[in-house]
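**Student:** In full-length UniProt numbering, the protein residues as written are 1 to 376.
For the record, the hints were derived by calculation from the structure and aren't laboratory data.
By construction, the Cβ of each residue, glycine as well, lies at the ideal position given by its N, Cα and C atoms.
List of simulated lysine-lysine pairs, BS3-like, C-alpha gap at most 25 angstroms: (1) LYS356 <-> LYS376; (2) LYS376 <-> LYS365; (3) LYS339 <-> LYS319; (4) LYS89 <-> LYS50; (5) LYS339 <-> LYS365; (6) LYS356 <-> LYS210; (7) LYS376 <-> LYS359; (8) LYS50 <-> LYS106; (9) LYS287 <-> LYS271; (10) LYS89 <-> LYS271; (11) LYS39 <-> LYS271; (12) LYS141 <-> LYS287; (13) LYS369 <-> LYS313; (14) LYS356 <-> LYS369; (15) LYS320 <-> LYS369; (16) LYS164 <-> LYS365; (17) LYS69 <-> LYS89; (18) LYS164 <-> LYS210; (19) LYS271 <-> LYS369; (20) LYS365 <-> LYS313; (21) LYS353 <-> LYS365; (22) LYS69 <-> LYS50; (23) LYS369 <-> LYS353; (24) LYS89 <-> LYS210; (25) LYS164 <-> LYS369; (26) LYS89 <-> LYS164.
Pairwise CB distance ranges (calculated): (27) GLN21 <-> PRO355: 49 to 57 angstroms; (28) GLN347 <-> ASP77: 56 to 64 angstroms; (29) ASN315 <-> LEU84: 54 to 62 angstroms; (30) LYS365 <-> GLU229: 39 to 47 angstroms; (31) GLY143 <-> LYS365: 20 to 28 angstroms; (32) ALA301 <-> GLN347: 35 to 43 angstroms; (33) GLN347 <-> GLU316: 25 to 33 angstroms; (34) GLN294 <-> GLN21: 38 to 46 angstroms.
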Amino acid sequence: MKKINELHVIGENELLYESIQAQLNEEFQIHHILTPDVKKHAIHIALVLKTGLESPLDLVQIVLAEHPKAAIVFINDTQDFDLLRDLTKIGVTNYFVLPVEEEMLKESLNNLIETRLQGELGSSEVFKRGGGSVFTFYSGKGGSGKSLLSTVFAQTLKLESTAKVLYIDLNLQYGGAETFLGLESNRSIIDLIPVIHELNEHHLRNIAEKESHSGLDVLVSPRDAEMAEKIDQEFILRLMRASKRSYDFIIVDVPTWMEERVYTALEESEKIYYVMNLDTVAIRVLKNVETLYQQLGINAADRMELVINFAGKDNELTKKDIERFVSYPVASEIRRDLKGVQSLINQGVPLRKEPKEKKLIPVAKDVQKWVRYMLK
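With the sequences and hints as input, model every part of the structure.
**Tutor:** What follows is the structure, given as structure tokens:
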């Protein structure tokens, strides 16, 4: 087997990079790449450098998001035990201080390569903390049932797995999740603004509301247009990155209109669930959304799946019609059940309450089937 001797260095730090070059250049092929180019390379071993511009945790998260099986070695110029602890939590393999630990770094890299050659690493799926997946629910048309389905999906995902799940309501002006989940809260996502630059799991859990039936963590919308203006694109980016470090799944509900915050959420998503109805108008709106995605440079081809809502015998179109007109795969088809859903909403009761409920309304059953298939 060909020896794996390629090292990809990420991060701008001239002194650390020169030290790595001097110590490792003869034995390894070293590629210094820019952060935006991480996805363009096949990375097996990454050396992430401390920089003065980017968060070490964010840099590692970017690499793990694109290359979940990669071995990550963090290089610093000083010892930082708090940072070491945080990096270890999200899946960093080793941490070295240069130039003090140059020999130890070289020995560690040789051990990593031997481990890979023996097939002990990379031959099977290895779950790493910090590799959380963002699933964003979006629709170009209001009234599609997007917000309700996103809350049921998040609840079901929590009840059907041992995963840590966070729900983020980015309908900042009007909210909605608190109604569907039966929550009353004095806290909201706006309370994270003072700590957004050092945001960690403790802050998220302190502000998130705990849905009592499922244990789902929920970041509630401020439901205030004036307060919503305080949340910008950078806030959303930092929130997404921190959430990925702390949770296994992050379910995000965004409004129908496109603006910088919605764009950022979509770009940070591993999966986009586009909710639509079975009618001609929904297809026309989807085509407009596709055009907008192309104009904004959002690559949805491999990430977007359709969720057909309000399915029933009286629909104008069928699932087969949608599959003829649209190239995106259909993730799930949710039956229409206005009476069952409305009754629970009016009572302030969420659609899911227990892991093994026997009497589920059709909407909850369809979402349960969808989530179980996804988790296989």
